[in-house]
Amino acid sequence: MNQPAIEFRRVTKSYFRGNQEVPILRDFNLSIPAGRFLAVMGPSGSGKTTILNLVAGLDRPTSGTIHAAGVTVSQQRESELARWRARHIGFVFQFYNLIPVLTAAENVELPLLLSTLAKRERTTHVQAALGLVGLSDRLHHYPRQLSGGQEQRVGIARAIVSDPTILLADEPTGNLDRSAAEAVMALLTRLHLELKKTILMVTHDPRAADYAQEILHFDKGTVS
Amino acid sequence: MTIGTLIVRNLRRHLLRVTMTALGIATVILAFNLIVTTVRAWYAGVEAAVPNRLITRHAASLSIHLPLAYRDRIAGLDGVTGITYANWFGGVYRDAKGFFPQFAVEPASFLDLHAELSVREDERQAFLSDRRGCLIGRRLATLYGWKVGDVIALKGTLYPGDWEFVVRGIYQGATSTTDETWMLLRWDYMNERRQLIDPDRAGTVGWYVVRLADPVRAGTLSAAIDAEFANSMAETRTETEQAFQMGFVAMSGAIISALKVLAIALNGITLLVLANTLVMAVRERTKELAVLRTLGFRPSHLAALVTGEALLIAGLGSLLGIALTIPANALYAEMVGAKLGNFFQHMNLYPSTVLLSASVTLGIAVCASAIPIGAVLRRHVAYDLRHVG
Chain G
0 MNQPAIEFRR VTKSYFRGNQ EVPILRDFNL SIPAGRFLAV MGPSGSGKTT ILNLVAGLDR
60 PTSGTIHAAG VTVSQQRESE LARWRARHIG FVFQFYNLIP VLTAAENVEL PLLLSTLAKR
120 ERTTHVQAAL GLVGLSDRLH HYPRQLSGGQ EQRVGIARAI VSDPTILLAD EPTGNLDRSA
180 AEAVMALLTR LHLELKKTIL MVTHDPRAAD YAQEILHFDK GTVS
Chain H
0 MTIGTLIVRN LRRHLLRVTM TALGIATVIL AFNLIVTTVR AWYAGVEAAV PNRLITRHAA
60 SLSIHLPLAY RDRIAGLDGV TGITYANWFG GVYRDAKGFF PQFAVEPASF LDLHAELSVR
120 EDERQAFLSD RRGCLIGRRL ATLYGWKVGD VIALKGTLYP GDWEFVVRGI YQGATSTTDE
180 TWMLLRWDYM NERRQLIDPD RAGTVGWYVV RLADPVRAGT LSAAIDAEFA NSMAETRTET
240 EQAFQMGFVA MSGAIISALK VLAIALNGIT LLVLANTLVM AVRERTKELA VLRTLGFRPS
300 HLAALVTGEA LLIAGLGSLL GIALTIPANA LYAEMVGAKL GNFFQHMNLY PSTVLLSASV
360 TLGIAVCASA IPIGAVLRRH VAYDLRHVG
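First to last, the protein sequences are chains G and H.
Counting from 1, position 196 in the first sequence corresponds to residue 195 in numbering that gives the first Met the number 0; the numbering is continuous, with no gaps.
Counting from 1, position 296 in the second sequence corresponds to residue 295 in numbering that gives the first Met the number 0; the numbering is continuous, with no gaps.
Derived from the structure by calculation, the hints contain no laboratory data.
Just so you know, not all the hints are guaranteed correct.
[Stated by the list, open to error] Quick list of the computed label-pair ranges, beta carbon to beta carbon:
| hint | chain 1 | residue 1 | chain 2 | residue 2 | range |
| --- | --- | --- | --- | --- | --- |
| 1 | G | GLU20 | H | GLY267 | 28 to 36 Å |
| 2 | G | THR61 | H | GLY373 | 20 to 28 Å |
| 3 | H | ASN347 | G | ARG82 | 21 to 29 Å |
| 4 | G | ALA127 | H | SER351 | 33 to 41 Å |
| 5 | G | ARG16 | H | ILE255 | 54 to 62 Å |
| 6 | G | ARG16 | H | LEU323 | 27 to 35 Å |
| 7 | G | ARG143 | H | GLY373 | 28 to 36 Å |
[Unchecked claim] In silico DSBU-like links for lysine-lysine, alpha-carbon gap of 30 Å or less:
| hint | chain 1 | residue 1 | chain 2 | residue 2 |
| --- | --- | --- | --- | --- |
| 8 | H | LYS146 | G | LYS118 |
| 9 | H | LYS146 | H | LYS96 |
| 10 | G | LYS219 | G | LYS118 |
| 11 | H | LYS259 | H | LYS96 |
| 12 | H | LYS259 | G | LYS219 |
| 13 | H | LYS96 | H | LYS154 |
[Said to hold, decoys possible] Listed below are several chain G residues computed to face chain H (Cβ distance under 7 Å; list not exhaustive):
| hint | residue |
| --- | --- |
| 14 | ASP58 |
| 15 | ARG76 |
| 16 | LEU113 |
| 17 | SER114 |
| 18 | LEU116 |
| 19 | TYR141 |
Note that this is a predicted model, so its numbers are computed, not measured.
All residues carry an ideal CB built from backbone N, CA and C; glycine is no exception.
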């Protein structure tokens, strides 16, 4: 039996506000097979983004174990996690989070700086990724010279340029108008269908969630 | 693109802030270099000291003289290859401001032992054959516009009266640290007149200069010389020429220490200014740095980004500071030379001084970057991704 791409086993996550413990996840279990496109929906503060952070190893569970892309994320050291993220995780953010002083091509090239690829190979990868998101003609544009939808597509190109196993998308359409949002969701669907990427997307937007194969409704730390 | 590209682009985000910081560092470098140049000028005599020469003087004070008879007893000691003697003359030219070092010396042996005083053979012979003759250093000649054949009139302070000396030669220093402000006059001429005006001190010398066969034996021979005159009416104190010169520097120890403290404090300012700039820069990029970590950038990468930025700012400041130091030092040397030229004649900006200031600044840059790096690495990536700034 194939190992799932992402697996949460009895994961509990709490934050502390002063001395008060605030539970976010309680005995949470989740298994996402490789190549699956899953949307997580839920109200603000329900713990949706926490799931993404835990998968990427940006946050640690209070208890339980998390497996993703072949490793037990919750047991890795920070330096090991960084290497693993560079290889296996692509992040798409609500506010794009591009580096404003770098061009679109340079932003996309950033994850490749951590690889052993030569300059020419990196350029080929960058052009391919930007071509895939339909921005071959915007290579040398700075983020301020792009529309919101274009910025998000650069963000997606940056997330996929190193060919990661898992794409994590945090409200990828949350800052876009309807048509730009549909273009972005069409792109994510294409990445899922053509490149077989495992996609875990957090969203408030039911229309965006409809693009996923499966929707998980999340509230107060549990799946409803 | 490389990480270096990102460092340079980050620098360009706030050009005014970076420029102001670099200018601040440049100012510190300028001040640091001038201070170090001043301190080095103070030590010029020490640096010019020759290792195979000892100075023997009265054990109680340099102002108390030694009998001339000691010359042959010292010369007879094992390991001594040459000896000469000198007196501080202490005359003034025109008025009290016209002060420069004047030594009454035994000419042949003095020039023999001080090979760093380079003088033409005909001028040397002229000095040896004229009891009223004198040799002057090149800087001194330039300062007063004296040339060979001129008569220099001095008013004696230690040896009262009006004295006249004929310039018989102008010496040049063999090295950059050789003092070129001396006036060497003849001890026999001075002693002759001293017999008339101060007979009690006639036939005495201020100090002996002793040349050693082997500088390694300086300690042993110093002790042997002092032992030779122990329990006599005029006990001696013998030390290397370097230690002798250090004695003069030590008289200004408090000022030199204050200058050194000031130089260290200036570097403290660089540390704080640079650290402040970096902390601001890193705080503004809190979210971006968190994004880089989601992309797989390791703590070492983030440290390289911050340190690289610190080194670039410090490097820019250093280059600017060094560029400013060159003309500023020339002006400073001219200004000091006009007022204190006889004390500070070597206000030279040495490459080692420039290298020192640049290295210290770059070292400080690395230390300054440690503060924001520590802050970045302690931060929680998941929180920083939500940062609004």
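Ascending list of hint numbers which this structure does not respect: 1, 3, 4, 6, 8, 10, 12, 15, 17, 18 and 19
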